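Engineer: Assemble chains B and C onto chain A, guided by the hints.
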Amino acid sequence: MKRTQDHLGLTTAAQSSRPPGTDGVWTFVFIDMIIFLMMFLSFMTERLRHGALYAASQLRLNEFFGLANTLILLTSSWMVVEAVQAARRNEVRRVRRFLGLAWMLGLAFAVDKFVEYYLKIRAGVTPATNSFYSFYFFITIVHFFHVIAGMFFIAYCRGNARLRIGSERYVTGLENVGLFWHFVDVLWIFIFPLLYLVGRR
Amino acid sequence: MDSETKRLVHIAIAWCGPVFVIGFLVFWAILGHNVPPPNMMGMTSAQLVAEYYGKYQSEIAVGMIGSATMGLFYTPWSLLLATMLRDEDGSLGVLALIEAAGGILTGWLLAFCPAIWAACALLATSVSPDLIKAIHVMTWIIFDCTYMITTIQLLALGAYIVLNKKQAIFPAWTGWCAIAIGITFVPLVLMPFVTEGPFAVNGMWNFFFIFSIWLFAFQIPIGYFMLKEAMGHKRVARQILSHAN
Amino acid sequence: MELRWHSPAVVWCMLCGLTLLSVALVEEGWHRSFASVVIVLIAAVKSRLVIVRFMEANRAARHWRFLYVTWNFAVAATIIIGYVVSVAKYAG
Chain A
1 MKRTQDHLGL TTAAQSSRPP GTDGVWTFVF IDMIIFLMMF LSFMTERLRH
51 GALYAASQLR LNEFFGLANT LILLTSSWMV VEAVQAARRN EVRRVRRFLG
101 LAWMLGLAFA VDKFVEYYLK IRAGVTPATN SFYSFYFFIT IVHFFHVIAG
151 MFFIAYCRGN ARLRIGSERY VTGLENVGLF WHFVDVLWIF IFPLLYLVGR
201 R
Chain B
1001 MDSETKRLVH IAIAWCGPVF VIGFLVFWAI LGHNVPPPNM MGMTSAQLVA
1051 EYYGKYQSEI AVGMIGSATM GLFYTPWSLL LATMLRDEDG SLGVLALIEA
1101 AGGILTGWLL AFCPAIWAAC ALLATSVSPD LIKAIHVMTW IIFDCTYMIT
1151 TIQLLALGAY IVLNKKQAIF PAWTGWCAIA IGITFVPLVL MPFVTEGPFA
1201 VNGMWNFFFI FSIWLFAFQI PIGYFMLKEA MGHKRVARQI LSHAN
Chain C
2001 MELRWHSPAV VWCMLCGLTL LSVALVEEGW HRSFASVVIV LIAAVKSRLV
2051 IVRFMEANRA ARHWRFLYVT WNFAVAATII IGYVVSVAKY AG
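Protein chains in written order, with this note's numbering: chain A, 1 to 201; chain B, 1001 to 1245; chain C, 2001 to 2092.
Chain A with its partners taken away, still in its complex shape:
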């Protein structure tokens, strides 16, 4: 198989001169992005009405939970990129290794999130506490469902790697999963400052 290097310095097999992923997944991810944009818009509109409440509530969030989750997801995204590149080179062991690492990092995100939720609820903070916490739980739980879905897709691709490596269909499928996982990462890149950092004293 002819190998080329594109302008990014990435080694790509000739089969991946086609665009990554499929139109359907690009469409789905974009529509999901619009929904989250609406959530962010709703949050900022409510924040405008209840500035003092939002500022005071934000202070009770521990930004280091958010920081840890950001670094975890960024690293997990990197692992998925490496897995996709390995799949394009038909390197099944590297694909499985990187997908396994990505999945473990997803698990670390989940554990961190659960600990944070547990501490909040134990302190008496729930979605019904006030408007800020309604949004905090809503946005992060919806994002968390996306993380769980992504972990499922990653596990599925890892499980299928030995059987299906070498086929364009497998590479496209993995690219689609990567697309979804990077989307989950991009969401958290904005959620972290939105909830934890912006306006913090």
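Keep in mind the hints are simulated off the structure, nothing from the lab.
One or more of the hints may lead you astray.
[To be verified] A few chain A residues that don't get close to chain B, going by computed Cβ distances all over 12 Å: (1) Gly-24; (2) Phe-30; (3) Arg-49; (4) Gln-58; (5) Leu-61; (6) Arg-93; (7) Arg-96; (8) Glu-116; (9) Pro-127; (10) Asn-130; (11) Ser-134; (12) Glu-168.
[To be verified] Here are the simulated lysine to aspartate or glutamate pairs, EDC-like style, with alpha carbons at most 20 Å apart: (13) Lys-1166(B) to Asp-23(A); (14) Lys-113(A) to Glu-63(A); (15) Lys-1165(B) to Asp-1087(B); (16) Lys-1166(B) to Asp-1087(B); (17) Lys-1165(B) to Glu-1059(B); (18) Lys-1165(B) to Asp-23(A).
[Claimed, not checked] Simulated restraints, written as ranges between beta carbons of each label pair: (19) Arg-2062(C) to Thr-1195(B): 18 to 28 Å; (20) Thr-45(A) to Gly-1232(B): 38 to 48 Å; (21) Arg-1007(B) to Ile-2081(C): 48 to 58 Å; (22) Phe-64(A) to Phe-1208(B): 27 to 37 Å; (23) Asp-112(A) to Met-1138(B): 36 to 46 Å.
The structure presented is a predicted model; accordingly, all values stated were derived computationally and were not measured.
The beta-carbon is built from N, C-alpha and C at its ideal position, and this holds for glycine as well.
Structural biologist: Then chains B and C, alone, in the frame of chain A:
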């Protein structure tokens, strides 16, 4: 029924969608003073009667009775949509049936709940405020918290469009939109438990956002493609193409 | 081993560095309004890096790159404008 008559019937039913949207906006939203609805969980019974039912009694009564009529336009529109979700062998598969079921139940709800609110308006000055509030709150909880009847309709429609690569009536993005809109209803589960904020009955998310996208981002694009199909343009084009091939 | 500027590892280092910078701006007590706006701009840069380098939007159909990058701008603008307006409202 000959094919031309059938076509006219389908076009008429396709127009039930826009009739529903406009009618419900006029009767339920405007006349019913539901933009936004009163924040019932944060009001006392006396406030609810004084500031809402008592203040706009006749308008709300007329608006809700009108809504009970207009709401049922949603059902034939949904059933026409179901007939456009056929399997390759021409039969109505399970996704079409789920869409139909969701459309029937949603139409019922859109008529049933306004009828009760009409009763609240008409009785506002003759029964105790506590009773009015209890019926009002109960009806809103039924109206909002049975969102799954519409969610399953949207998910079934979306799944059919996205998974059925051979169907040519609805572009793939409408299917993804339907799925996304169906999922955005889930936070309605919070409505009974919050007295303020985006998930209250009159909140930014649980009222303004989800009703807007359901009425405008779902009804309009799906209704447009339904009307095109009912008018037969695409079907004629497909027939011409298949003859040419 | 020669490290290419656009390799995933280098991109990851940039992303992590920018993340730590964002937190440092808050923890080191920089002027709140200035830090908040800069933090969102940093988030927009990070997001764009992931969209272009990790998602490979530059290799996808042109309209996808346009839509995704526009979304990135829209989110950052929403947060910054919302924050600036709230600062003006509560300062006034």
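Engineer: Need the list of violated hint numbers for this structure, in ascending order.
Structural biologist: Of the numbered hints, 1, 2, 3, 9, 10, 11, 17 and 19 do not hold.
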